[in-house]
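Dock chain one against chain two, each of which comes alone in its own frame, and use the hints as you go.
Residue numbers (our numbering), protein chains in the order written: chain G, 5 to 116; chain L, 12 to 126.
Just so you know, these hints were derived from the structure itself, not from any lab. Heads up, some of the hints might be wrong.
Pairs of lysine to any residue residues, derived as SDA-like cross-links and limited to a Cα-Cα distance of at most 20 Å, are as follows [claimed, not checked]: (1) G:Lys45 <-> L:Thr18; (2) G:Lys7 <-> L:Leu71; (3) G:Lys60 <-> G:Pro43; (4) G:Lys45 <-> L:Leu71; (5) G:Lys60 <-> G:Lys45; (6) G:Lys45 <-> L:Ser16; (7) L:Lys28 <-> L:Arg92; (8) G:Lys45 <-> L:Pro109; (9) G:Lys113 <-> G:Lys7; (10) L:Lys89 <-> L:Val125; (11) G:Lys7 <-> L:Ser49; (12) L:Lys22 <-> L:Arg75; (13) G:Lys7 <-> G:Asn22; (14) G:Lys7 <-> L:Asp67; (15) G:Lys113 <-> L:Leu50.
Computed, partial: chain G to chain L, Cβ under 7 Å [unchecked claim]: (16) Pro12; (17) Phe14; (18) Phe106; (19) Gly107.
The structure displayed is predicted, hence computed values, not measured ones. Backbone N, C-alpha and C define an ideal beta-carbon position, used for all residues, glycine too.
Given next are the chains, with one letter for each unit.
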Amino acid sequence: ELKVEQNPLFLSMQEGKNYTIYCNYSTTSDRLYWYRQDPGKSLESLFVLLSNGAVKQEGRLMASLDTKARLSTLHITAAVHDLSATYFCAVDMGSGTYKYIFGTGTRLKVLA
Amino acid sequence: GAGVSQTPSNKVTEKGKYVELRCDPISGHTALYWYRQSLGQGPEFLIYFQGTGAADDSGLPNDRFFAVRPEGSVSTLKIQRTERGDSAVYLCASSLYPGVLNGYTFGSGTRLTVV
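This is chain L alone, in the form it adopts within the complex (with noise of 0.2 Å):
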């Protein structure tokens, strides 16, 4: 596609449930990452893709937390048992290869309300 594109847009949910935020990177990227933006913050890095695999995780907050690219392009964040505090907005964003010098681009977010 043109750009990076997540959906939905936006999501209610209620506490402990389960979510799945999904992402569509630029066609034949091939690095995908995944942030989260609290508010009035600055996006803080989750965990990024060379491919299928997820090169570096360090940045998930804890066990509930995962995400999967099983045939390299799209991406679903997964969050389980979800807490108040997990409300955000999770950005999504890729490039040609990791480290690309021009930097990523990012999608639009998906922002996450949990009730």
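Excised from the complex, chain G in its bound form (with noise of 0.2 Å):
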């Protein structure tokens, strides 16, 4: 059964800091979506890692994805409040199940 874990759970960070968010799954996929989540609103798709090595950036946040350790990351540069959010790594299973695990979520607080 595939498993997807994150890590931190929670994080409060100052603003201007740069900070590190790790996912990781245990079987084999290529395939690995970030999502962000506001409280009490839906998920917003933020990347789409479709192959090992793969790196994408928007703003302040970049991801990468590495299938042979089956990890992501998710790299806050410089952190604002506007980022503070719940943020969501999901791993598709393939082999047709078209199925997304989610992992538990990092809740980033960003202080003023």
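Pasting the structure below:
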């Protein structure tokens, strides 16, 4: 059974600081997604990573995928308050199942 | 429509009652998915439809849960004899076809509270 673990679960950081969120998964997959969720809101797609070594950047966020290590990272550069949200990684189980297995999420709070 | 629409946005029901949750996917999307998100957790897969048929219902927790998509567009998730443990946010997502590489579009969810 595919398991997806994120760490940290909670992250409180000062504005202007850098930090990395980690997403580990237990079986082979070459499709990984990052979503953002604001309180009471739905999931907003951030990044789609489809191959080993894939790197995507948008603003202060950068995501990467290492399929051999079964690891994805979401790096935050010079955090700002607006980045406060919960971030989820989701792994496509593949093999025609079309299910996403989500991590437990990382609740990020950026302090002004 | 422009996005995935879910109604109602909030539903409070008494234990033992029957509820229906509706999802209206993006127009033209053939694949539709239901997920359940408990407080403080990531979404968990329930069921997905390709067209009118349930292609994978392996995530439905028990036979009190059932979903339909009779015309290949709107879907209804039905929960019988609700229990307090069913309280969660039920998310619907759709995609142009199953396994589309750019991912699924999620609706805003229905928050179900069973009292």
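Results of checking the hints against the structure:
no. : hint                 : verdict
1   : G:Lys45 <-> L:Thr18  : holds, 14 Å
2   : G:Lys7 <-> L:Leu71   : holds, 18 Å
3   : G:Lys60 <-> G:Pro43  : violated, 25 Å
4   : G:Lys45 <-> L:Leu71  : violated, 23 Å
5   : G:Lys60 <-> G:Lys45  : violated, 24 Å
6   : G:Lys45 <-> L:Ser16  : holds, 13 Å
7   : L:Lys28 <-> L:Arg92  : holds, 5 Å
8   : G:Lys45 <-> L:Pro109 : violated, 24 Å
9   : G:Lys113 <-> G:Lys7  : violated, 25 Å
10  : L:Lys89 <-> L:Val125 : holds, 14 Å
11  : G:Lys7 <-> L:Ser49   : holds, 17 Å
12  : L:Lys22 <-> L:Arg75  : holds, 17 Å
13  : G:Lys7 <-> G:Asn22   : violated, 27 Å
14  : G:Lys7 <-> L:Asp67   : holds, 19 Å
15  : G:Lys113 <-> L:Leu50 : holds, 18 Å
16  : Pro12                : violated, 14 Å
17  : Phe14                : violated, 10 Å
18  : Phe106               : holds, 3 Å
19  : Gly107               : holds, 5 Å
Of the numbered hints given earlier, the model fails hints 3, 4, 5, 8, 9, 13, 16, 17; all others are met.
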